[in-house]
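Enquirer: This is what each chain is made of:
Protein chains: 2
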Amino acid sequence: MSNFGFTDLHLVNPYDVAFREARSAVKSQYVLEQAVVHADLAEALTGCSLVVGTTSLGHRELHTALHRLERGARMIRSNWTNPGGRVALLFGSEKFGLSNDDLSHCHWCLRIPTRDEHESMNLGQAVAVCLYELRRDSRAALRSHPAPQQAPAEDLERIASLLKELLEKSGYVNDRTRHSTELKLRRLTKRLQLNKHDAEIWLGMFRQILWKVNRPS
Amino acid sequence: MSNFGFTDLHLVNPYDVAFREARSAVKSQYVLEQAVVHADLAEALTGCSLVVGTTSLGHRELHTALHRLERGARMIRSNWTNPGGRVALLFGSEKFGLSNDDLSHCHWCLRIPTRDEHESMNLGQAVAVCLYELRRDSRAALRSHPAPQQAPAEDLERIASLLKELLEKSGYVNDRTRHSTELKLRRLTKRLQLNKHDAEIWLGMFRQILWKVNRPS
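Protein chains in written order, with the working numbering: chain A, 6 to 222; chain B, 6 to 222.
Read the hints as simulated data drawn from the structure, not as lab findings.
Hints may be right or wrong, so weigh each one.
Claimed, not checked - Pairs of lysine-lysine, PhoX-like flavour, derived with a Cα cap of 25 Å: (1) A/32 to B/100; (2) A/217 to A/169; (3) A/174 to A/189; (4) B/32 to A/100.
No experiment lies behind these values; they were computed from the predicted model shown.
Please take these sequences and the hints and turn them into a complete structure.
Expert: This is how it looks when you write it as C-alpha cells:
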C-alpha cells in the first residue's frame, strides 16, 4: 500500500494474533498504525460510493459483473475524479476469498488475469498487483527517465575512422577491401546505438590501442 | 510465477536454509522443483539474449538505461517474438537489491513506478507486479467477460408502468403530476442499467406488491 501511495486500510474482524503481530516495512508504519478495525463489512464501507470486490473467479457463481483488472482499474480511476468518489477495494481471506455475503456488498468485481490453471493468488501479491495497476500510467512511463543523449554522428565517424586505422595497421584491411571495410565499419558503429558518454570511452580506448600499435615495444 | 505462467526460476548462490525450507503454493510445486541453482550470475544467464535488471533507483548511480515497468514490459514482449529471444528478468536480494556487478550484466533496467518516498518493495510483491505487467493485455481485457445481457426496452417500460400503477394506488401520484411522474419513472428506470435477469426479478417483485396493494387484507 505504501509503495503505491494508498493509506486507508480497513479490516473487518481480523484474526487477532496475526494482526497484533503484523510489522510494517520501513517508511510504511503509518498504514498499520492508522488501520481501522470494524465488526462488520457494512460498517467498514460507510462513505464509499463504489465497492469493488476481488475474486479469482471459477470457484463460485458470481451474481455481479466481472471485469479484468486492466479495465476495472480504469473504471475505478474515472470514479476518483468524482467529488466524494470514495472507492473500497475489497479482498477476502487468503484461504476462502470473499463470501457470497461479502460479494453482495459489491457494485462489481474484478479479477487479476492469472492463468486459468492457477487462479488463486497470495493475498499480499494480489494487493500489490491491484494497487500497481491503479497507479500505472502509460503516458507517464514514456515521459520519465529520458534516455541518455545519443552520440552525435561525428563521434561515431571518429570511432569508425580510428577503428579503420587500427585494422589497417593490424593487417586486417587490404587494398582490395579498403572501401567495403570502411562502409562495414560505419554500419557496425551505427548499430551500436552508443550514447555520448560511452562513445567518448570507446574513442579513448581505441586511441590508446592505436598509440600502442604505432609504438610497439 | 505460476499465477502468470512463468516456469524458469534460476537462483544464484541462494541462502541455503531459506531455499531448502521454501514451500510452494498448491499447483505451483513444479516451479521450485525445477529451479536451477548457479554459482554465479554469468552461468545463470547462459542462453539469454536480453538481460533486464530491476532496481528501486535512487540508491546508486545507474550506468545503464532505465525504463518504467510499463514501457520495459512492452520492450520485453517485443523481444519474445524474436526466435531465440530468451529474456532474463533479474531481481536482487530483498535487502540490498542488485549489486553494481550484477547490473553490469544487464542490457537495461526497469523500475516499478512506486512513489518516490517509498521505493523499496517486498521481493515477492515486486516479482508479482512485474510478471503481471508482462501478461496484462488491455485488448484481451475488453474482450473477456462479456457483460450480462442488458434488459430490453420493453422490460424497462413494464417496470416503469407497474411502478406507476403502484404509486397511483399508494397515493404518491395525483392528477396534476401524473404525466411528469411517468417521465420521471421512465428516466429512473433507464438509469438503473438493469440486466435482463435482474429486470425480471424487479418485475416479479413489483407484481407481487401490486397484488398485495389491490387486495388489502
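Enquirer: Are the hints correct? Go through all of them and say.
Expert: To see whether the hints hold, each was checked on the structure:
At most 25 Å may separate the alpha-carbon atoms for a hinted pair to count; residue 32 of chain A and residue 100 of chain B meet this at roughly 15 Å. Distance restraint check for residue 217 of chain A and residue 169 of chain A: the Cα-Cα separation of roughly 15 Å lies within the 25 Å cut-off, and the hinted pair is therefore satisfied. Our distance criterion of 25 Å between C-alpha atoms is met by residue 174 of chain A and residue 189 of chain A, whose separation comes to about 17 Å. Pair hint residue 32 of chain B plus residue 100 of chain A holds up; C-alpha atoms about 15 Å apart against a cutoff of 25 Å.
In this structure, none of the earlier numbered hints is contradicted; all agree with it.
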